[in-house]
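Chemist: Given chain A, work out where chain B should sit, using these hints.
Line order of the protein sequences matches chains A and B. Positions 1 to 272 (the numbering used here) are the ones given, in order, by the first sequence. Positions 273 to 544 (the numbering used here) are the ones given, in order, by the second sequence.
Among the clues, some could well be false.
The calculated label-pair distances, taken between Cβ atoms and stated as ranges, are [as the list claims (entries may be wrong)]:
hint, chain 1, residue 1, chain 2, residue 2, range
1, A, 153, B, 297, 51 to 57 Å
2, A, 183, B, 512, 28 to 34 Å
3, B, 379, A, 130, 25 to 31 Å
4, A, 85, B, 379, 43 to 49 Å
5, B, 411, A, 130, 32 to 38 Å
Partner residues aside, some chain A positions facing chain B, computed with beta carbon under 8 Å [unchecked claim]:
hint, residue
6, 15
7, 80
8, 81
9, 84
10, 95
11, 127
12, 130
13, 186
Because the hints were derived from the structure by calculation, they are not lab data. Cβ coordinates follow ideal geometry from the N, Cα and C atoms, glycine included.
Number of protein chains: 2
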Amino acid sequence: MIVSTHRYVLLIEYDGAGYHGWQRQKNARTIQSCLEDALLSLCGQDITVHGSGRTDTGVHAEGQVAHFDLEHRWEPRRLAHAMNAHLRPERIAVLCVTSASQTFHARYAAIERTYRYRLVVRPAPLALEVNRAWRIAGPMHVDRIRAAGRHLLGRHDFTTFRSVHCQSRSPIRTLDSIDVNAWEDGRGLHINLVFTARSFLHRQVRSLVGSLVKVGQGSWSPERIADALKACDRSQCGPVAPAAGLTLMRVCYPDDPFKSVAASIRGAGHDS
Amino acid sequence: MIVSTHRYVLLIEYDGAGYHGWQRQKNARTIQSCLEDALLSLCGQDITVHGSGRTDTGVHAEGQVAHFDLEHRWEPRRLAHAMNAHLRPERIAVLCVTSASQTFHARYAAIERTYRYRLVVRPAPLALEVNRAWRIAGPMHVDRIRAAGRHLLGRHDFTTFRSVHCQSRSPIRTLDSIDVNAWEDGRGLHINLVFTARSFLHRQVRSLVGSLVKVGQGSWSPERIADALKACDRSQCGPVAPAAGLTLMRVCYPDDPFKSVAASIRGAGHDS
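If we strip away everything but chain A, and leave its shape as in the complex, we get (with noise of 0.2 Å):
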């Protein structure tokens, strides 16, 4: 017998503070393991929720991107409501729900990914960023991280600066860009690097942010966060970032699955 699905796509958002990753394990909660029983409890079937990428334990995301498959068709705004019904008291929310065709992947057809890593930089710790950002005492230099930040880009063997677990083939990656915005708002200094890549090695935003901050802090120059990705070898990469700070803000497809839907995520009739 065949059975004909109806594959759809969700936009999701997460704190990652109180799950084990994205990924489905034993004994542990995950963000993988909520969406697919949230659909058990909803469908009665068992179904698996392809994300656009696993995300470590504590990493949030604003727009992480999966698809599923199941046999009844719903209606795309329904689907969603009821997901986030189920999800409830979840630190998990499903933006958007729209139907895509069989072809679509979360993962195998994203073609651009972009995280970004807060840092605040002060001596207080945080009362309010707790578990989103990661907090260092300056100083914190900048211009050192923008002009570091420059020997990164382009097509490089990452192996400095990707985890000895990284399952990935190959260790080369093209890093697009990587955006350093800070200001200061009184509490302190705010500084978000923000990164894009068609795809990332595991752990290679961390990694890179923990050797960037000891460039802004003064105890590496520039040149030798070029020097430490020359050297392709995992000793010379700095201190890992905390995973709070890390977020993963967006996935790209050559067509986006939510554009003809932006409406329902925040409702009709807006002006501004």
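Modeler: Leaving out everything else, chain B in the frame of chain A:
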């Protein structure tokens, strides 16, 4: 015996979610009591911490100001560091300490207070801004909120928009500005309402926001805000907006107590 004392001023950040507001109470964790407990364990004395004003249960602060007197002289940066050590693991951070003359008073010397109220307009529940914003379903017309806000500016009797438990002798206040900042980020429509006045009545901002949201949703006309204000009748107020969206951003004084020590908030040696 005359004991000369030294006055210190605090700039404080807190996540209000776990506290029964600012003011000390029996059998309840409050911001004031946590600060006083930290000073007791630090100095071995009961010290009263005077805030610029109370914040309600669940209300946050990015820039609350408070003062207190100590018999011993402290180096301000050391005092900040010691207080933060004694406050751990509370969600309260002392951003800055400065010394001040006995004429400074956190409450009575304040000439301007700024509050921000955060709205997120979308069908999905919040996963990242839980306890930090009010999530409401659309539609939401920002231009209507702006039009309604103009009726509230200036000096008025705000009886309609204060709690029946408000202890201020006069219901007259002067609202200097309401800034309505709105943007979309693919997760929803974000609206920050920023209110500035010399002082506010109890529940005034949340009462105003609840009524302005009625206008934004289209169920009240902008003019109904003017009529409600003129009525001086609490029953004409809309629903009171939840505490979670509200943050005390800034308290201003004729002579900024933190002016000379801004660098100590963020450490030395920044550039951007």
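Chemist: Next step is simple, just say for each hint if it's right about the structure.
Modeler: Do the hints match the structure? See the list:
One distance hint, 51 to 57 Å for the beta-carbon pair residue 153 of chain A and residue 297 of chain B, holds here, with the actual separation near 55 Å. Between residue 183 of chain A and residue 512 of chain B, the C-beta spacing of about 33 Å keeps the proposed range 28 to 34 Å intact. Range check, residue 379 of chain B to residue 130 of chain A: Cβ separation about 28 Å, and the 25 to 31 Å hint holds. Between residue 85 of chain A and residue 379 of chain B, the C-beta spacing of about 45 Å keeps the proposed range 43 to 49 Å intact.
In this structure the hint that residue 411 of chain B and residue 130 of chain A lie 32 to 38 Å apart at CB holds, the actual value being about 34 Å. This hint holds: residue 15 of chain A has a C-beta 5 Å from the nearest C-beta of chain B, less than the 8 Å allowed. For residue 80 of chain A, the suggested interface contact is upheld, since its CB lies about 7 Å from the closest CB of chain B, less than 8 Å. Interface hint at residue 81 of chain A: satisfied, since its Cβ lies 7 Å from the closest Cβ of chain B, which is below the 8 Å cut-off.
The beta carbon of residue 84 of chain A comes within 6 Å of a beta carbon in chain B, closer than 8 Å, and the hint placing it at the interface holds. The beta carbon of residue 95 of chain A is positioned within 8 Å of a beta carbon in chain B (closest approach about 5 Å), and the interface hint is therefore held. The interface hint given for residue 127 of chain A holds, since its Cβ lies 4 Å from the closest Cβ of chain B, which is under the 8 Å cut-off. Here the hint on residue 130 of chain A is kept, as its CB sits about 7 Å from the closest CB of chain B, short of 8 Å.
Using the Cβ-Cβ criterion of 8 Å, the hint placing residue 186 of chain A at the interface with chain B is satisfied: the shortest such distance is roughly 6 Å.
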